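Protein chains in written order, with full-length UniProt numbering: chain A, 1 to 472; chain B, 1 to 472.
There's no promise every hint is true.
[Stated by the list, open to error] Restricting the straight-line Cα-Cα distance to at most 30 Å, the calculated cross-link-like pairs of lysine-lysine (DSSO-like) are:
hint	chain 1	residue 1	chain 2	residue 2
1	B	Lys391	B	Lys352
2	A	Lys129	B	Lys74
3	A	Lys267	A	Lys169
4	B	Lys403	A	Lys169
5	B	Lys87	B	Lys49
6	B	Lys370	A	Lys445
7	B	Lys349	A	Lys129
8	A	Lys74	A	Lys391
9	A	Lys87	B	Lys391
10	A	Lys74	B	Lys129
11	B	Lys445	A	Lys129
12	A	Lys352	A	Lys391
13	A	Lys267	B	Lys129
14	B	Lys87	A	Lys129
15	A	Lys74	B	Lys169
16	B	Lys284	B	Lys403
17	B	Lys267	B	Lys322
18	B	Lys129	B	Lys102
19	A	Lys129	B	Lys267
[What the hints assert, rightly or not] Now the stretches of chain A that chain B is said to cover, found in silico as 3 or more residues with beta-carbon under 8 Å:
hint	segment
20	67-74
21	90-102
22	240-249
23	403-411
Hint data in this document are derived by calculation from the structure and do not stem from the laboratory.
Values in this document were obtained by computation on a predicted structure and should not be read as measured data.
Ideal Cβ placement from N, Cα and C applies to all residues, glycine included.
2 protein chains.
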Amino acid sequence: MDKVFLIFLIVIQLFCVYSYTTINRYNNRECTLNPGLVEEIASYRNIAKRIMYEILNNTMGESMYNEYTYFIDKFGARPSGTHVLEKAIDHMFNLTIRHGLKTVSTEDVQVPHWTRGYETAMMIRPRIKPITILGLGPTVNTSNEGITAEVIVIRSFEELNKIDENIIKGKIVVFDAHYSSYGETVAYRVNGASKASEKGAVASLIRSVTPFSLYTPHTGSQRYGENVTKIPTAAITHEDADLMRRFQDQGLSIVLNISMFSTFDLKISRNTLVDLVGREDPNKLVIVSGHIDSWDVGQGAMDDGGGMFISWYVPVVLNKLKLKPRRTLRAILWTSEEPGLVGAIAYLKKHKHELSDINFIMESDEGTFKPLGLDVAGSDNARCIVAEVLKLFTPIDKMKVSKSVGSDITIFNNEGIPGASLLNQNDRYFWYHHSNADTMDVQNKENVVECAAFWAALSYIISDLSIDIPRI
Amino acid sequence: MDKVFLIFLIVIQLFCVYSYTTINRYNNRECTLNPGLVEEIASYRNIAKRIMYEILNNTMGESMYNEYTYFIDKFGARPSGTHVLEKAIDHMFNLTIRHGLKTVSTEDVQVPHWTRGYETAMMIRPRIKPITILGLGPTVNTSNEGITAEVIVIRSFEELNKIDENIIKGKIVVFDAHYSSYGETVAYRVNGASKASEKGAVASLIRSVTPFSLYTPHTGSQRYGENVTKIPTAAITHEDADLMRRFQDQGLSIVLNISMFSTFDLKISRNTLVDLVGREDPNKLVIVSGHIDSWDVGQGAMDDGGGMFISWYVPVVLNKLKLKPRRTLRAILWTSEEPGLVGAIAYLKKHKHELSDINFIMESDEGTFKPLGLDVAGSDNARCIVAEVLKLFTPIDKMKVSKSVGSDITIFNNEGIPGASLLNQNDRYFWYHHSNADTMDVQNKENVVECAAFWAALSYIISDLSIDIPRI
């Protein structure tokens, strides 16, 4: 065959391939998928419908919701390192087996066990007023007498940087950072104590990270920087932050007494793995996950009882429906997410050699309100495939694209593993987050069941596709 | 004059009067006002504009708002019978004088002084869980050991009535009445303890009277019936009421331990009267009012710091503007409204002989959000006049008609005195009401100033009209 003819053939072939491709769009980017794949994805329409139907219209979804409610009501808050968390893990383990799925196992993880003890704050000047505080884990303690010091109210790290150390020294810094987005404002919760300490503060308080307050304090984790004097730190309400701001603006001296006592040690907890073993590529994994631990305030119903439960339900319900995907579908109930993704980091370390087997990783940890679609991290190709799959779920077909998604699974995204988290109508998520208001009252049965149905059907398709989700 | 001619003259006269009347409408009712009066009311347009302008556009409104904020921040909660309430009354008295109005006086009133002490509740069965409670004043105490008893969750008084006494006896009744309107649902707060006690309950708890909760308990007053064994009573959150409802629905036994300690005695407090003495009929009164006391939780910024302040401001600002109405315009800062209109009842009793002099009585005690108009009680004629006056304030011209309005002033309406309360965009009022969330954060400066401007201009016109507001 002469060279010219060969080139001619290649050009014709390329042209055929090109003309065969389908172009679909997401977020104004062009997707070019192999038409065979598009056809394959479309062929899942009936199975997606069936899974959704079984969960939504039979008693299955309602039963799942009742089991979820029972779980939250029985255990309530499930802080890392506590006995109640381990009981909750046992419960989910046994529940999996009762549902006929024996491929459930746990993996030990050493986790922090920070226990809130006594916490109280009193404004002494300009007037006596109790200030509700909620320690940020794992804060250090005050002395037994507490800390009595003058307050300086500061809007931002930029403002802190500009203030002379002598002014901060010996004071309680109140970070009065107004909520813009969780991603931005949470910096004050995570790093506030360290930044204040570097300037010589004796304690730091943050305006609770929420867009709305009914005098509601919100806890969360914080991290002391290296070589920084660890100072006690807690959240206060918007209302008290605003009050202190006004006092300061009037030139009044504000003095608080803060007493805090908590304990810290390490315990063994467990990640829970529920496998629906793949029928063709059992070593290949699609992971769907949520975290089983919660903060000590509230009941951990929303964060992340809902996400954990609908993720756990994926292999359980598919097994009931006798649907075995090509790859292994693994639900993981992460332990100890709240102190800093401890369970997920342990899993990543333990399974480092198998990371290439993880085809896709999903998490629901931003609410189980009305489902809207997915937030996707991964290569353009990965996103195109997910966008094509989402077409099966209209109107649950919104797609957001992020560099990394979810909470626990961000560390997997950072390893190049594509993934997605559940987009849902969670406008009020941070009203409840890490507060006493995180209870079953947040949840709406119909919406949680819709989330579960979408999550199960989507997971099935992703884990059953003939091709792996391509990495970058 | 013969009879026929006399009848002819009367018919002609009636026709003239009829043809002279103007018909305006409110709430689909016909108003027939003397055209002279309509013209007179219309002639107040410029003065209404001027008063509004001075408050809204000069620094006056902002100064008032700053003084209001200062007051709330300085005193915080001002419960009936407390020293801080008396200090707050002194402050308003002195502030009035500082503003150049010397016609301010106080009248002693014996008031209840209920002081919340120690309050705690723990669920013991089916699991250990702290239950946030907020005693309803003036609840009696538990014994030192507290009450440990089984719970029965009941939706309504109707349901209670149907249940055999033997089932209620010795139990803690949880009234899980879902919020419909404050007027309806508050019956459970006011009468729940007595109704439960009549059936042999040892304590009663109510689902907090609010349409929305972030695990927020709401206090309020309750009243023991005569010849009823007084039992301890408190509010719980929606979240815990729902939890106990679910436990009961599962057939689980719920046991709570409740400990409550508070004290009760009587003190002397004061109603504060600020008079702008009338230029023609100084003995005739138009009263504009709000209450200065508050519950012990929150800061009493909304209930009723805002309403009290804008009412107090009416004679103060009109005096500054050198506007002296025909009748005396009296601002009253009621004391001890929260325990049951104690200040208002004392005023009514003391001034019983002068009730016929009260031409109109106004109150703002349902928020100072965006002003919308008035809720009016009184004769059809009274309402027609008010509707005509409201035309000067478009778009603040909505009118609602009620049998009695406000809180303190209802007892005056019941004596036949026409009155009005401030209609405002208070959709979220009960989210904050009687809770820790009643702080300055609820308020919006612009709206409060608008309320103050409207309230002052309206009060001026009502107290200056050539005719009295007619009674029924």
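Quick rundown of the hints versus the structure:
1. Taking the CA atoms of lysine 391 (chain B) and lysine 352 (chain B), the gap is near 33 Å; set against the 30 Å cutoff, the hint is violated.
2. The hinted pair formed by lysine 129 (chain A) and lysine 74 (chain B) meets the criterion: a straight-line CA distance of about 10 Å does not exceed 30 Å.
3. Between the alpha carbons of lysine 267 (chain A) and lysine 169 (chain A) the distance comes to roughly 36 Å, so the proposed pair goes past 30 Å and is violated.
4. In summary, the hint linking lysine 403 (chain B) to lysine 169 (chain A) is not supported, as the alpha carbons are separated by about 61 Å, beyond the 30 Å threshold.
5. Between the alpha carbons of lysine 87 (chain B) and lysine 49 (chain B) the distance comes to roughly 36 Å, so the proposed pair goes past 30 Å and is violated.
6. This hinted pair does not check out: lysine 370 (chain B) and lysine 445 (chain A) have alpha carbons roughly 35 Å apart, beyond 30 Å.
7. The straight-line distance between the Cα atoms of lysine 349 (chain B) and lysine 129 (chain A) is roughly 36 Å, outside the 30 Å bound, and the hint therefore fails.
8. Note on lysine 74 (chain A) and lysine 391 (chain A): the hinted pairing is violated, with a Cα-Cα distance of about 38 Å set against a maximum of 30 Å.
9. For the hint linking lysine 87 (chain A) to lysine 391 (chain B), the alpha-carbon distance of about 67 Å lies beyond 30 Å, and the restraint is violated.
10. At most 30 Å may separate the alpha-carbon atoms for a hinted pair to count; lysine 74 (chain A) and lysine 129 (chain B) meet this at roughly 10 Å.
11. Between lysine 445 (chain B) and lysine 129 (chain A) the CA atoms are separated by roughly 24 Å; this keeps the pair inside 30 Å, and the hint holds.
12. Between lysine 352 (chain A) and lysine 391 (chain A) the alpha-carbon distance is near 33 Å, which puts this suggested pair outside the 30 Å criterion.
13. The straight-line distance between the Cα atoms of lysine 267 (chain A) and lysine 129 (chain B) is roughly 23 Å, inside the 30 Å bound, and the hint therefore holds.
14. Taking the CA atoms of lysine 87 (chain B) and lysine 129 (chain A), the gap is near 16 Å; set against the 30 Å cutoff, the hint holds.
15. Restraint check for lysine 74 (chain A) and lysine 169 (chain B): satisfied, since their Cα atoms lie roughly 27 Å apart, inside the 30 Å limit.
16. At roughly 23 Å between alpha-carbon atoms, lysine 284 (chain B) and lysine 403 (chain B) fall within 30 Å of each other, so this suggested pair holds.
17. Note on lysine 267 (chain B) and lysine 322 (chain B): the hinted pairing is violated, with a Cα-Cα distance of about 38 Å set against a maximum of 30 Å.
18. With a C-alpha separation of about 56 Å, the suggested pair lysine 129 (chain B) and lysine 102 (chain B) falls outside the 30 Å cut-off, and the hint is violated.
19. Pair hint lysine 129 (chain A) plus lysine 267 (chain B) holds up; C-alpha atoms about 23 Å apart against a cutoff of 30 Å.
20. Judged by the Cβ-Cβ criterion of 8 Å, the segment 67-74 of chain A is covered by chain B as claimed, because 4 of its residues qualify and three suffice.
21. Interface restraint, the segment 90-102 of chain A with chain B: violated (0 residues with C-beta to C-beta distance below 8 Å; minimum three).
22. Figure legend: the segment 240-249 of chain A, annotated as covered by chain B; annotation consistent (4 residues with Cβ-Cβ distances under 8 Å, at least 3 required).
23. Requiring three or more residues with a Cβ within less than 8 Å of a Cβ of chain B, the coverage given for the segment 403-411 of chain A is violated, as only 0 such residues are present.
Hints 1, 3, 4, 5, 6, 7, 8, 9, 12, 17, 18, 21 and 23, counting from the list given before, are not met by this structure.
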